[in-house]
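Engineer: The task is simple: from the sequences and hints, build the whole structure.
Heads up: the sequence lines are chains A and B, in that order. In this note's numbering, each number is its position in the first sequence, counted from 1, plus 193. In this note's numbering, each number is its position in the second sequence, counted from 1, plus 24.
It is possible that part of the hints are untrue.
[To be verified] Capping the alpha-carbon separation at 30 Å, the derived lysine-lysine pairs in DSSO-like fashion look like this:
1. A:K215 <-> B:K69
2. B:K27 <-> B:K91
3. B:K66 <-> A:K215
4. B:K91 <-> A:K259
5. B:K80 <-> A:K255
6. A:K278 <-> A:K232
7. A:K232 <-> A:K255
8. B:K66 <-> A:K271
9. A:K255 <-> B:K66
10. A:K278 <-> B:K66
11. A:K259 <-> B:K69
12. A:K232 <-> A:K208
13. B:K91 <-> A:K271
14. A:K271 <-> B:K27
15. A:K215 <-> B:K80
16. B:K80 <-> A:K259
17. A:K278 <-> B:K27
18. A:K271 <-> A:K215
19. B:K69 <-> B:K80
20. A:K278 <-> B:K69
If you are wondering where the hints come from, they were derived from the structure by calculation, not from laboratory data.
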Amino acid sequence: DAGVTQTPRHEVAEKGQTIILKCEPVSGHNDLFWYRQTKIQGLELLSYFRSKSLMEDGGAFKDRFKAEMLNSSFSTLKIQPTEPKDSAVYLCASSTGGASAETLYFGSGTRLTVL
Amino acid sequence: QQKVQQSPESLIVPEGGMASLNCTSSDRNVDYFWWYRQHSGKSPKMLMSIFSNGEKEEGRFTVHLNKASLHTSLHIRDSQPSDSALYLCAASITSGSWQLIFGSGTQLTVMP
Chain A
194 DAGVTQTPRH EVAEKGQTII LKCEPVSGHN DLFWYRQTKI QGLELLSYFR SKSLMEDGGA
254 FKDRFKAEML NSSFSTLKIQ PTEPKDSAVY LCASSTGGAS AETLYFGSGT RLTVL
Chain B
25 QQKVQQSPES LIVPEGGMAS LNCTSSDRNV DYFWWYRQHS GKSPKMLMSI FSNGEKEEGR
85 FTVHLNKASL HTSLHIRDSQ PSDSALYLCA ASITSGSWQL IFGSGTQLTV MP
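Structural biologist: What follows is the structure in structure tokens.
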């Protein structure tokens, strides 16, 4: 079975650009998460979907970050406009969902650099 | 204040030694804890989970949980250089909505 697939692996953007990151969850998984990882802040939750419905929109990230789940097998994270402080690794994860006891399976991540 | 706090930030142990990592939540709505391991340049992978008070052992890894104090710890005995990684603690928190919150991690280095 394929794991979580994220594209692209690396992205370089100029300040003010719009970028779209993509994620394909594990087939059959109902929950999908977007996290941002930096050395200083660690893993920060950006969005959480359960059965394609947005359950958590990341609070402080709402203004420039928008995650969508177009179907059960594809999600995008749009950052518009990008700022240098957005430079980080963006991780997508999925799980089977159901109860609150669930293991997350992470993709390899997209390393974003904003100049 | 972060809802999940880990200590120490970094830890160096000799090969064959014992590594002890700690994690505490400040939110009383925690249901469960997980430990994830992330090798350099890789994505996090679930290492162990613990849902009930007490201890759980899997090979060289032992996890303890004290639900009353919302504290969990991970112990690695006979540490190997391949155990060098970032260890992340995650807590499942249900308060109105459900969240899975990660701590900042403990960077473990095992010296040969």
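Engineer: None of the hints should be skipped; say for each whether it holds.
Structural biologist: Status of each hint after checking the structure:
1. Simply put, K215 (chain A) and K69 (chain B) have alpha-carbon atoms about 20 Å apart, close enough for the 30 Å limit, and the pair holds.
2. Between K27 (chain B) and K91 (chain B) the alpha-carbon distance is near 15 Å, which keeps this suggested pair within the 30 Å criterion.
3. At most 30 Å may separate the alpha-carbon atoms for a hinted pair to count; K66 (chain B) and K215 (chain A) meet this at roughly 18 Å.
4. With a CA separation close to 36 Å, the supplied pair K91 (chain B) and K259 (chain A) exceeds the 30 Å bound.
5. Restraint check: the Cα-Cα separation between K80 (chain B) and K255 (chain A) comes to about 39 Å, which exceeds 30 Å; the hinted pair is violated.
6. Proximity of K278 (chain A) to K232 (chain A) is assessed by CA-CA distance (about 13 Å); at most 30 Å being required, the pair is judged to hold.
7. A threshold of 30 Å between alpha carbons decides the hint, and for K232 (chain A) with K255 (chain A) the separation of about 22 Å falls inside it, so the pair holds.
8. Taking the CA atoms of K66 (chain B) and K271 (chain A), the gap is about 23 Å. The hint holds against a cut of 30 Å.
9. This hinted pair checks out: K255 (chain A) and K66 (chain B) have alpha carbons roughly 27 Å apart, not beyond 30 Å.
10. Between K278 (chain A) and K66 (chain B) the alpha-carbon distance is near 22 Å, which keeps this suggested pair within the 30 Å criterion.
11. Of the pairs offered as hints, the one joining K259 (chain A) and K69 (chain B) holds, with about 26 Å between alpha carbons and a cut-off of 30 Å not exceeded.
12. As the CA atoms of K232 (chain A) and K208 (chain A) are separated by approximately 21 Å, the hinted pair is consistent with the 30 Å bound.
13. Pair hint K91 (chain B) plus K271 (chain A) does not hold up; C-alpha atoms about 38 Å apart against a cutoff of 30 Å.
14. At most 30 Å may separate the alpha-carbon atoms for a hinted pair to count; K271 (chain A) and K27 (chain B) meet this at roughly 27 Å.
15. The straight-line distance between the Cα atoms of K215 (chain A) and K80 (chain B) is roughly 37 Å, outside the 30 Å bound, and the hint therefore fails.
16. A C-alpha spacing of about 39 Å is found between K80 (chain B) and K259 (chain A), which places the hinted pair above 30 Å, so the restraint is violated.
17. A hinted pair counts as satisfied when its Cα atoms are at most 30 Å apart, and K278 (chain A) with K27 (chain B) qualifies at roughly 23 Å.
18. Between K271 (chain A) and K215 (chain A) the alpha-carbon distance is near 9 Å, which keeps this suggested pair within the 30 Å criterion.
19. The straight-line distance between the Cα atoms of K69 (chain B) and K80 (chain B) is roughly 18 Å, inside the 30 Å bound, and the hint therefore holds.
20. Restraint check: the Cα-Cα separation between K278 (chain A) and K69 (chain B) comes to about 26 Å, which is no more than 30 Å; the hinted pair holds.
Going down the numbered hints, you'll see the structure goes against 4, 5, 13, 15, 16, while the others check out.
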